[in-house]
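Student: The listed protein sequences correspond, in order, to chains C and Z.
Numbers 1 to 291, taken from my numbering, label the letters of the first sequence in order.
Numbers 292 to 508, taken from my numbering, label the letters of the second sequence in order.
Mixed in with the good hints there might be a few duds.
[As the list claims (entries may be wrong)] Just a sample of chain Z residues kept apart from chain C, beta carbon distances all over 10 Å, derived:
# : residue
1 : 340
2 : 384
3 : 387
4 : 397
5 : 420
6 : 469
7 : 484
[Claimed, not checked] One side of the interface only, derived from the structure: several residues of chain C facing chain Z at Cβ under 10 Å:
#  : residue
8  : 14
9  : 57
10 : 113
FYI, nobody ran anything at the bench for these hints, they're computed from the structure.
Idealized CB from N, CA, C, for every residue including glycine.
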Amino acid sequence: MKNKLKENLEKSNFVYTSEISPEKGTDLSKIKKVFDLLKNRVTAFNVTDNQGANMKMSSLAASIYLKQLGGEPVFQQTCRDRNRMALQSDLLGASAFGINNILSLTGDYITFGDHKHAKAVYDIDSVNLIEIIKGLNNGLDMNGNSLNGKTDFYIGGAVNPESNPLEPQLMKFEKKILAGCDFFQTQAVFSPKNFEKFYDFYKSYKNIKIIAGIFILKSAKVARFMKKNIPGIYISEKVLSELENTSNQLEKGIEIAVRIARNIRSMVRGIHIMAFGIEDVIPDFLNKFEK
Amino acid sequence: MIVSKQKEFRDILKKIKGSVFIFGCGICSDTSRTGGPKEVEEMKKLLETAGIRINGTYVIDAMCHLQKVKKAIRDNKDGVSLSDSVLVLSCGSGVQSATLCLDNSKKVITGVDTMFLGNIETLSSLKEMCSLCGQCVLNETSGMCPVTLCPKGLLNGPCGGMKESKCEVDENLDCVWVKIYERSAVQNSMEDIKKIARPKDYSKKRPVGSVKFTGSH
Numbered sequence: 001m002k003n004k005l006k007e008n009l010e011k012s013n014f015v016y017t018s019e020i021s022p023e024k025g026t027d028l029s030k031i032k033k034v035f036d037l038l039k040n041r042v043t044a045f046n047v048t049d050n051q052g053a054n055m056k057m058s059s060l061a062a063s064i065y066l067k068q069l070g071g072e073p074v075f076q077q078t079c080r081d082r083n084r085m086a087l088q089s090d091l092l093g094a095s096a097f098g099i100n101n102i103l104s105l106t107g108d109y110i111t112f113g114d115h116k117h118a119k120a121v122y123d124i125d126s127v128n129l130i131e132i133i134k135g136l137n138n139g140l141d142m143n144g145n146s147l148n149g150k151t152d153f154y155i156g157g158a159v160n161p162e163s164n165p166l167e168p169q170l171m172k173f174e175k176k177i178l179a180g181c182d183f184f185q186t187q188a189v190f191s192p193k194n195f196e197k198f199y200d201f202y203k204s205y206k207n208i209k210i211i212a213g214i215f216i217l218k219s220a221k222v223a224r225f226m227k228k229n230i231p232g233i234y235i236s237e238k239v240l241s242e243l244e245n246t247s248n249q250l251e252k253g254i255e256i257a258v259r260i261a262r263n264i265r266s267m268v269r270g271i272h273i274m275a276f277g278i279e280d281v282i283p284d285f286l287n288k289f290e291k
Numbered sequence: 292m293i294v295s296k297q298k299e300f301r302d303i304l305k306k307i308k309g310s311v312f313i314f315g316c317g318i319c320s321d322t323s324r325t326g327g328p329k330e331v332e333e334m335k336k337l338l339e340t341a342g343i344r345i346n347g348t349y350v351i352d353a354m355c356h357l358q359k360v361k362k363a364i365r366d367n368k369d370g371v372s373l374s375d376s377v378l379v380l381s382c383g384s385g386v387q388s389a390t391l392c393l394d395n396s397k398k399v400i401t402g403v404d405t406m407f408l409g410n411i412e413t414l415s416s417l418k419e420m421c422s423l424c425g426q427c428v429l430n431e432t433s434g435m436c437p438v439t440l441c442p443k444g445l446l447n448g449p450c451g452g453m454k455e456s457k458c459e460v461d462e463n464l465d466c467v468w469v470k471i472y473e474r475s476a477v478q479n480s481m482e483d484i485k486k487i488a489r490p491k492d493y494s495k496k497r498p499v500g501s502v503k504f505t506g507s508h
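Start from the sequences, fold in the hints, and give me the full structure.
Tutor: Printed below as a string of structure tokens:
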């Protein structure tokens with residue numbers, strides 16, 4: 001089956017991916033709206049999995065719907081809500097419906113979201129999950145049992161290039177490579193200088209495929225909220241004051257995102273654009289970035 | 292030690308039927324300040340104020356020890372047999388010792404919630420460090436337990452939410468993976484943490500933990 005993300009990354013074409021967060025509810029119209037808006041601009045859409053530990057429509061179901069629309073999903077799976085059996089059975093289901101990109105994630109802790117009293121699962125972690133998917137691609141479940149019909153996943157992992165300290169994060173990054181990760185999507189990058197330290201580490205890896213996360217900040221208020229509440233996000237005071245000292249904060253937010261993306265462009269194989277609720281500005285961002 | 296905390300008094304009161312005998316535990320519950328001599332005496336007074344008849348109290352030096360619990364029940368048989376309910380101020384293990392040692396007609400009530408296996412940092416500070424998982428990884432993680440000290444129990448390194456060496460779940464909590472990394476670096480044992488750790492084998496925890504020894508000790 002055709003896999004545009006894989007094809008483009010293997011050919012070293014610069015790729016764009018973006019994000020679709022399924023609704024809290026059964027309404028599919030937002031997925032279609034974002035898809036229609038961006039289908040000619042991005043290669044694939046990450047479909048988030050109970051993002052921020054908030055209970056939403058399943059990422060598998062939403063990925064299948066996106067596929068039916070003609071889109072290419074990157075099915076996100078966190079280890080927070082499903083044990084090793086549930087993860088594998090959803091992977092088989094995804095593959096049967098032609099989904100062939102997957103992003104393996106640990107998952108934000110349960111207390112960040114709207115089901116704070118739930119049991120967090122974490123039966124396995126994101127490194128183990130990559131190994132398991134590799135096995136499913138070879139026709140075996142994690143216990144070595146044969147599958148009647150194997151998967152064909154292009155396997156993604158996450159990395160936080162601004163993690164401080166960086167070394168323990170790099171250790172995990174290397175384990176993901178070892179486990180068989182095909183590509184990486186990074187946490188939102190706000191400091192190209194920090195990203196360069198990460199680049200210095202990975203540049204010796206031949207043919208490594210890093211897609212950098214770029215977040216379009218809507219306002220200084222959103223930026224402050226993210227800095228305080230979103231795990232692993234580092235937004236500098238400089239970026240915050242840039243946003244605060246302007247009459248059009250959204251315009252400035254796009255400008256900052258374009259600047260960061262341009263600064264790291266030569267170090268990466270693509271960018272993953274996150275706009276959380278303001279997807280309609282992504283075409284404008286891309287026009288400015290490509291200019 | 293097993294760390295416990297007292298249930299809300301009104302919730303304990305709701306469960307009590309008739310007159311009561313109170314058992315405490317002189318080991319962990321004493322240190323936890325939930326079932327030592329002082330707390331047993333305080334509970335007795337509170338219940339009496341609420342109009343409950345107390346037929347006796349006794350602090351056993353280890354409520355998890357079935358033989359000691361049997362002896363304590365024998366030594367207090369008048370008070371215990373007079374009572375409709377037996378209130379136990381010890382961990383869940385100790386409460387079930389009482390259940391096992393008393394006949395089916397005796398209502399056993401716990402007055403505490405059992406929290407965790409804790410280290411005594413000081414007598415005022417108890418901290419969870421081991422989850423009793425049955426597959427100790429401490430030899431691979433330079434003596435610090437990610438199963439317990441990482442809220443996600445991650446075996447292969449920190450998550451992306453660690454910030455300035457702190458945990459995403461609680462900014463007062465150190466990321467144990469940063470600590471493990473630092474200690475492993477000092478000890479030149481990085482090869483241990485760089486190997487991919489396999490998922491845990493939960494079959495080792497089933498069906499119910501039990502050990503039987505042969506021969507004498």
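Student: Does each hint hold? Answer for all of them.
Tutor: Each hint, compared with the structure:
1. 340: holds (34 Å)
2. 384: holds (22 Å)
3. 387: Since the minimum Cβ distance to chain C is about 23 Å, residue 387/Z lies beyond 10 Å and the statement holds.
4. 397: Non-interface label stands for residue 397/Z: nearest chain C Cβ at 33 Å, farther than 10 Å.
5. 420: Holds: least Cβ distance 18 Å, greater than 10 Å.
6. 469: violated (6 Å)
7. 484: Given that some Cβ of chain C is not farther than 10 Å from that of residue 484/Z, nearest at about 7 Å, it is violated.
8. 14: violated (24 Å)
9. 57: Not OK, violated: residue 57/C not within 10 Å of chain Z, min 24 Å.
10. 113: Violated - the Cβ of residue 113/C stays beyond 10 Å from chain Z, reaching only about 12 Å at its closest.
The structure is inconsistent with the numbered hints 6, 7, 8, 9 and 10, although it conforms to all the rest.
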